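Student: Below are the chains, spelled out letter by letter.
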Amino acid sequence: MRIIGKHRHLKPELFSEYLDGRLLGREPGRVDRAVAECAVCRGELESLQVTVSLLQTLPEFAPSRNFTLPAAPISSPVEAVEPVVVDRQPASLLARVPTWGYAGAVALAGLALALLVLVDVDGLLAPEFAAAPQPESAPLAQSAPAQKEWEEHLDAMESMTERSEPAMATAQAESAAPAQVAPLVEPVTTAMAEPSSVDRSVENSVEAMAEREVLAKREAVVEREKPVDLPKPTAAPFAVTESVEKSAGEPYIRKESPTVVPEAARPVAAPPSPGAPAIMPMVTPTPAPSELPLPSPILPTESPAPVAVGAREPADPAGKSSLQGPAGDLTTALAETPSKESLASDVREPGRLPSVGRIIWWILQGLAAVLVLTLLIALVLKLCRSRRISVQ
Amino acid sequence: MTTANCNANYRLDTASPSCVGHVTLPVRDRAGSAYCFNCIIESFQAPAYSLARRMLNDWSLGEDAVQESFASGYRSFYQFRGDNLRAWVMRIVANTCRDMLRSCRARPTIPLNPLSADTDDPTLSGVNRTTGGETPEEYAERSELRRAIEAGLAALSEERRLAILLVDLQGFSYEEAASALNCSLGTVKSRLSRGRGELRDYLRAAGGLLPSRFRQEG
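Protein chains in written order, with the numbering used here: chain A, 1 to 392; chain B, 1 to 218.
Pairs of lysine to any residue, SDA-like flavour, derived with a Cα cap of 20 Å:
| # | chain 1 | residue 1 | chain 2 | residue 2 |
| --- | --- | --- | --- | --- |
| 1 | A | LYS11 | B | ARG194 |
| 2 | A | LYS11 | B | TYR174 |
| 3 | A | LYS11 | A | GLY29 |
| 4 | A | LYS11 | B | LEU185 |
| 5 | A | LYS11 | B | GLU198 |
| 6 | A | LYS11 | A | ARG26 |
| 7 | A | LYS382 | A | ALA109 |
| 8 | A | LYS11 | B | ASP201 |
| 9 | A | LYS11 | B | SER190 |
| 10 | A | LYS148 | A | SER159 |
| 11 | A | LYS11 | A | ASP32 |
| 12 | A | LYS11 | B | GLY197 |
| 13 | A | LYS11 | B | GLY186 |
| 14 | A | LYS11 | A | SER47 |
| 15 | A | LYS11 | A | VAL35 |
| 16 | A | LYS382 | A | LEU108 |
| 17 | A | LYS11 | B | THR187 |
| 18 | A | LYS11 | A | GLN49 |
These aren't lab readings, by the way, just hints derived from the structure by calculation.
Just so you know, these numbers come straight off a predicted model, no measurement behind them.
Generate coordinates for the entire structure from the input sequences, incorporating the hints supplied.
Tutor: As structure tokens, this is what we get:
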């Protein structure tokens, strides 16, 4: 190609394509003109032509062996001629979820249930919380008859306390000697066996306790509010209740604790009665004062609870009896035995009705249980299915 | 294993008798057409081995490459679209050669017999066979020319060598070469032109060894 007296050589690609006959249109004529007019372009084309001709002289190698296969390989696509119909239906949801998914869900559900139980143990969702948000004012205003009866009962107990103060001192002195535990506790049973030595109102309340339904309900309440590790029966109630008096300053506790003291101490002065042996085996020896359980710091905070549920007094002495031993249990049971009216009012008490928190608690418990059961069943089905597949 | 006969297009005719000379290996492409893979092997094993032998410069490696390529093609024949079987087979061979060259570069080996790699090459017997009426001088000249060209090819880069081998030796069109090399048509043109130019320069530098009729004037 000439441009103002100068020749611009063609690109080597044009010569290569020219040799292979790949040029179209005016390109072959352009190469022909360049080769005819330019010796360099002509030499370029000829050299490429010689090189290609040399390449084409190369013989083809023959392999030393035949590569044909004597038989189809094991993993051969022979099935392609007779294709195997593969079931491509989507797997069920149960089969698609991995096993660890079920296990994790079960673990989470169990953890949630455990957390719920823990929350309930802490009392956040306990019925007491929901029933008695205001510990002092609400119960007092709830049922006037029950409160009145409670006050009468407390007065009676106070009078008993005044009569048995010397015996309380004696009991404190003898509680340090473990060898004299039996005489110390035996009178308690004697006092229980002899109705004549107990207040009349207490006797009436014992009779009321005989009612089966009320008693069952009462025991359920006591069992639920009783600490896991009940202390051994001791004469310690004196010290414990006194410390409770000082720390809590609660009037109900202060009046109730003396009732505990005389019940345990009175028999020290009184001779044992014939009915004592029948109840004696139920009493365990009193440990030394050094082994007496100390009042826990939670006691002052728990002491208002009985007061709060004062109208339904059984819950209150139950928690207190856990710190007092058999004598305290006895006196507590005697003190907490309400009349029929108070029990009836207890049953009809609005605070005993299911609160919102308790309903939520029930719902959560039910949901957790259903979830755990469902996931467990699904996990079992999944494992059975996978085992069946692996066996096949 | 079915009995069938394969026609010129390597298609399997199930109504005809079985293949002659080899076991029928039926395979199906993506469209569902049936082929006899042993027929395909018999048709392409020589050009495949030539390509692999010149790409790897070792006859044993070349045979290994061909064996691996046919095995791979047999396993993946269902991916074949049915358009150009020769380009498809050579593409597999080229890819296998690339992989083997890469592994050879990663683990270079030194032959125990450094004098000549062709001394024990059984495939050279057909290449060095004397033709009728050929004098010993002509035979020596031809052998010298062949070794020079082989050396020039070995000096090229892999991709340019592949393009030259496919187009100039195997007779592939540009489109077939582009399909076999998995590249564009312009890339094939460029590789072919540059490869030819490099080989020309190599042969020009070794002009004294070439016969006078192939000797180029610089």
